[in-house]
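> In order, the protein sequence lines correspond to chains Z and D. Take the first sequence: its letters are residues 1 to 308, numbered as in our numbering. Take the second sequence: its letters are residues 1 to 279, numbered as in our numbering.
Think of the hints as simulated: they come from the structure by calculation, not from any bench. Given the structure is predicted, the values throughout are model-derived calculations rather than measurements. Note that CB positions come from ideal geometry on N, CA and C, so glycine has one too. A few of these clues could be false.
Said to hold, decoys possible - Now the in silico label distances, taken between C-beta atoms and shown as ranges:
id	chain 1	residue 1	chain 2	residue 2	range
1	Z	F267	D	V23	37 to 43 Å
2	Z	A68	D	N66	41 to 47 Å
3	Z	K159	D	V23	41 to 47 Å
4	Z	A68	D	V59	17 to 23 Å
5	Z	V30	D	N41	44 to 50 Å
Stated by the list, open to error - Examples of chain Z residues toward chain D, derived with CB under 10 Å:
id	residue
6	L95
7	P135
8	L144
9	P215
10	Y240
11	L260
Claimed, not checked - Every beta carbon over 12 Å from chain Z, so not counted as near; a handful from chain D, in silico:
id	residue
12	T22
13	F56
14	A98
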Amino acid sequence: MTATSKTPIRWHVAVFLAPAVLVYTAVMIVPLFGTLQLSLFNRSGQEAVFFAGLDNFRTLFFDPRWAASFWNALWNNTWFFIIHMLVQNPIGIALAALLSSPKLRFSAFYRTAIFIPTILSFVIVGFAWKLILSPLWGVAPNLLDLVGLKSLFAPWLGKEEYALTTLGLISVWQFIGIPMMLIYAALLSIPDEVIEAAECDGITGMGQFWKIKLPLILPAIGIISILTFVGNFNAFDLIYSAQGALAGPSYSTDILGTFLYRTFFGFQLQTGDPYMGSTIASMMFFIILTGVCLYLFAIQTRLRRYQF
Amino acid sequence: MTRSTHSIPRSIAAHAVLIAYTVIALFPVVVIVINSFKSRNAIFRSPLSFPTEKTFDLVGYTTVLNQGDFLLYFQNSFVVTVASLFFVLLFGAMAAFALAEYRFRGNSLMGLYLALGIMIPIRLGTVAILQLMVASGLVNTLTALILVYTAQGLPLAVFILSEFMRQVSDDLKDAGRIDGLSEYRIFFRLVLPLVRPAMATVAVFTMIPIWNDLWFPLILAPSEQTKTVTLGAQLFIGQYVTNWNAVLAALSLAILPVVILYLIFSRQMIRGITSGAVK
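Please construct the entire structure, taking both the sequences and the accompanying hints into account.
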């Protein structure tokens with residue numbers, strides 16, 4: 001492994017590493033910490049920027065003007081995540097289980113087709129569903145009419161009580177391909193001997209899935225859970241393109257990403273505020289970091305036991 | 001679901017579920033595309049039928065091509081995606097080679113540092129990134145986007161490529177060294193061609209989020225000259241929201257290139273996911 005060159009300083013190692021490390025550090029790591037640092041400052045009047053300590057966070061949590069929006073966005077974001085965990089991941093696992101059965105014909109076709117929504121941009125997905133669910137166009141009511149459920153139709157994206165759940169399900173529709181593929185790969189990597197041993201013991205069918213395969217793919221389920229978590233708490237585009245920066249109706253679909261955008265850039269009468277924007281971004285950072293650490297230290301070390 | 005029971009009812013049930021889900025996955029896309037070829041009346045009267053000779057109409061596409069500057073937007077997206085992809089692959093492969101090939105102090109620490117960006121999204125640094133771009137005068141240039149996307153793509157690229165580079169045989173590299181090749185030549189002439197399949201996988205994974213991104217074009221380069229196709233479509237649709245032909249045509253124009261590219265690369269991509277990503 002060790003390089004054979006005898007020079008004391010191996011410049012080529014530095015040359016190989018430098019471009020990646022420089023760009024990554026300058027455009028990603030430094031701004032990330034810059035944002036964390038900015039959240040500790042504030043501005044009074046025009047120019048005087050002063051160190052504010054944790055005042056911005058205090059404002060965000062407790063000031064009545066900010067706290068309501070923040071907790072609303074945080075709760076909506078959590079609900080958004082819960083929908084993904086309850087709908088996207090189980091359906092993804094079920095589809096992967098079906099796809100991984102040997103001798104299934106056309107499985108490459110199904111895989112390719114089910115993955116298509118995942119490659120589309122949020123803008124397309126947001127508008128496409130907005131049109132389809134629009135009461136003006138009537139694709140959704142017509143379809144419900146076919147199965148005799150037309151009375152169930154409501155302008156889901158326009159109602160406060162349904163809008164967020166609807167958007168969550170749209171996002172599930174879009175991203176189901178990712179858990180499906182990762183679980184599919186995990187199922188394929190289960191050694192044949194394990195399956196054969198199970199069959200010798202008479203464990204087949206659904207029993208085999210629950211008792212043998214599911215425990216073995218738990219690490220992959222851990223990975224899709226953390227990917228879902230990071231993706232959801234960082235989401236913005238879908239809500240923005242379907243509902244606009246105001247995350248209507250009346251902020252019922254506001255999540256941390258849209259809240260950050262509005263705060264940082266301002267909207268309508270409110271002017272943009274980089275300091276409170278950084279504070280919200282820092283909160284998102286801490287939330288994501290907590291999730292990732294939790295995953296790495298708690299879940300992953302426990303799941304190791306099942307690995308080969 | 002198992003290999004011992006492939007009875008006919010079971011496999012029919014499996015196919016039924018998969019077909020049902022395939023329909024759910026493709027239905028919205030198909031509805032958008034077929035309606036984009038219809039006249040306004042037909043869009044509303046029979047949204048679910050294919051365009052016939054009578055209802056076929058390209059008015060949406062002509063509006064889009066006349067009103068929006070989509071050719072420019074496509075060009076911008078193309079430049080940004082290709083340039084970022086080039087830098088991600090080149091820099092990523094170089095760093096991955098250094099990490100996989102040489103033993104030096106801080107090697108694993110450097111690997112960890114570069115892997116940090118896989119889990120922490122670059123978006124959280126947006127406030128400071130904008131300040132940085134303002135300070136360096138790069139706002140409303142494609143360079144700003146290329147820099148950001150290069151940084152965004154590097155962590156995953158380094159991670160995946162270094163896994164693959166560890167598998168390249170040492171004998172080959174040592175043979176090259178005995179023949180007097182420099183380390184740079186070994187990298188460019190011997191190693192890079194061997195990891196080409198992995199590079200293709202990384203390329204697909206890097207390309208899709210860049211092409212589809214709305215956040216950074218919206219914040220760093222919203223000017224008319226630098227709009228990407230995603231941002232352009234977003235604004236165009238917002239503006240023409242009542243012109244259904246134009247909206248449907250714009251959506252179809254945005255869908256088709258991505259889907260065609262995906263169909264070309266899907267085999268590569270699925271192989272990539274199912275080989276290395278999970279372990």
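> For each hint, tell me whether it holds in the structure or not.
Each hint tested on the structure:
Restraint check, Z/F267 to D/V23: a C-beta distance of roughly 39 Å satisfies the suggested window 37 to 43 Å. A hinted range of 41 to 47 Å for the beta carbons of Z/A68 and D/N66 is consistent with their spacing of about 46 Å. Separated by about 26 Å at the C-beta atoms, Z/K159 and D/V23 break the suggested range of 41 to 47 Å. Between Z/A68 and D/V59 the CB atoms are about 46 Å apart, so this pair departs from the stated range of 17 to 23 Å.
Hint check: Z/V30 to D/N41, Cβ distance near 56 Å, so the stated range 44 to 50 Å is violated. At a threshold of 10 Å, the smallest CB-CB gap from Z/L95 to chain D is about 6 Å, leaving the interface hint in force. With 10 Å as the threshold, the beta carbon of Z/P135 stays out of range of chain D, its nearest partner Cβ sitting at about 12 Å, so the hint is violated. For the restraint placing Z/L144 at the interface with chain D, the shortest Cβ-Cβ distance is roughly 13 Å, beyond the 10 Å limit, so the hint is violated.
The criterion of a C-beta within 10 Å of any C-beta in chain D is not met by Z/P215, whose closest approach is roughly 16 Å, and the hint is violated. Given hint, Z/Y240 at the interface with chain D, holds; its Cβ is 7 Å from that chain's nearest Cβ, closer than 10 Å. Below 10 Å, beta-carbon pairs count as interface contacts, and Z/L260 has one with chain D at about 8 Å; its hint therefore holds. Here D/T22 does not stay apart from chain Z, with its beta-carbon only about 5 Å from theirs, under the 12 Å limit.
Taking the minimum C-beta to C-beta distance to chain Z, about 19 Å, the non-interface status of D/F56 holds against the 12 Å cut. Not every CB of chain Z is more than 12 Å from the CB of D/A98 (nearest about 4 Å), against its label as outside the interface.
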